[in-house]
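Please put together the full structure from these sequences, using the hints given.
When the letters of the sequence shown are read in order and numbered with the numbering used here, they come out as residues 1 to 269.
Hints in this document: simulated from the structure, not taken from any laboratory. Please note that the accuracy of each hint is not assured.
[Said to hold, decoys possible] Listed below are the simulated EDC-like cross-link pairs for lysine to aspartate or glutamate, each with C-alpha atoms no more than 20 Å apart in a straight line: (1) K150 with E198; (2) K269 with D40; (3) K267 with E229; (4) K226 with D40; (5) K41 with E217; (6) K132 with E68; (7) K103 with E93; (8) K132 with D121; (9) K132 with E173; (10) K226 with E209; (11) K267 with E255; (12) K256 with E229; (13) K169 with E113; (14) K150 with E113; (15) K256 with D40; (16) K41 with E263; (17) K235 with E259; (18) K169 with E118; (19) K235 with D205; (20) K256 with E266; (21) K132 with D67; (22) K226 with E266; (23) K63 with E125; (24) K41 with E20; (25) K132 with E74; (26) K235 with E20; (27) K267 with E230; (28) K267 with D39; (29) K172 with E184.
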Amino acid sequence: MEFRTPVTITLAPFAIEPRERMLFVGSCFADNIGRRFVDDKFRATVNPYGVMYNPASIMHTVKRWTDELVATDEAPQTAVFTLGTNHVYILNETGEIVDNCRKRPQRLFTERELSVDECADYLREAIATLQKINPSVRIIITVSPIRYAKYGFHGSQLSKATLLLAADKLTKEMDNVVYFPAYEIVNDELRDYRFYREDMLHPTDQAVEYIWQRFGETFFSKQTVKFLEEWRPIKAALAHRPFNPEAEEYKKFLEKAKEGERELMEKYK
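Below is the structure:
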């Protein structure tokens, strides 16, 4: 008897290799997944200018980040955009969408919602910017499963629906752009409050770990799976916290772990 409804995910048309250069931009959910890639020694950049919730702000980050790249060989092979909301804030004085209101008075801004086409256009521009430095860059689009209670739950669903339609539009129009169903995994497969934090909105570490596993099944090459298996015991050893860090035995243990890390990074450089 099956007590859940697993989300079926088609195997990606490309594979992420060990220690690949990656860029994560988007909501705090992008932070959660992106930091996991950093911890597992991928050459990943995660939200370089802070969390970005809407497609316009994601585009702003990509443009600013690519402008500041020192060398094009730092260009990502894969970029992950995690869309949080279609709501944007416009600074009344300039008419421009701002990425952060910086706690300034609300009267200085006008809030509005981007349409499906506007969301798609901003993401298309972000992708085109990355393609200038790496024409073969692969794009993974996800929609954050975190609901926005301040919109009301119906308003939050409308916002997510707009983002889902924009993502679907891009995957049908553009090569090397795929959608990963993080939103559906949490809301359809893990639809139980034990997978949510105390606020009943954000996914728990267990839920994020499960999404990481499903992401790996979808995108990781055999080499990446092998690399992560070799890295796991070294990572655990480096994270070990002894009662006495000055003990000679622990120092030898730590040096052995560090040597294992150096050898593995050299093997998969």
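Hint by hint, here is what the structure shows:
no. : hint           : result
1   : K150 with E198 : holds, 17 Å
2   : K269 with D40  : holds, 13 Å
3   : K267 with E229 : holds, 14 Å
4   : K226 with D40  : holds, 12 Å
5   : K41 with E217  : holds, 18 Å
6   : K132 with E68  : holds, 14 Å
7   : K103 with E93  : holds, 16 Å
8   : K132 with D121 : holds, 17 Å
9   : K132 with E173 : holds, 18 Å
10  : K226 with E209 : holds, 18 Å
11  : K267 with E255 : holds, 18 Å
12  : K256 with E229 : holds, 18 Å
13  : K169 with E113 : holds, 18 Å
14  : K150 with E113 : holds, 14 Å
15  : K256 with D40  : holds, 18 Å
16  : K41 with E263  : holds, 13 Å
17  : K235 with E259 : holds, 12 Å
18  : K169 with E118 : holds, 11 Å
19  : K235 with D205 : holds, 18 Å
20  : K256 with E266 : holds, 15 Å
21  : K132 with D67  : holds, 11 Å
22  : K226 with E266 : holds, 15 Å
23  : K63 with E125  : holds, 9 Å
24  : K41 with E20   : holds, 9 Å
25  : K132 with E74  : holds, 13 Å
26  : K235 with E20  : holds, 18 Å
27  : K267 with E230 : holds, 11 Å
28  : K267 with D39  : holds, 18 Å
29  : K172 with E184 : holds, 19 Å
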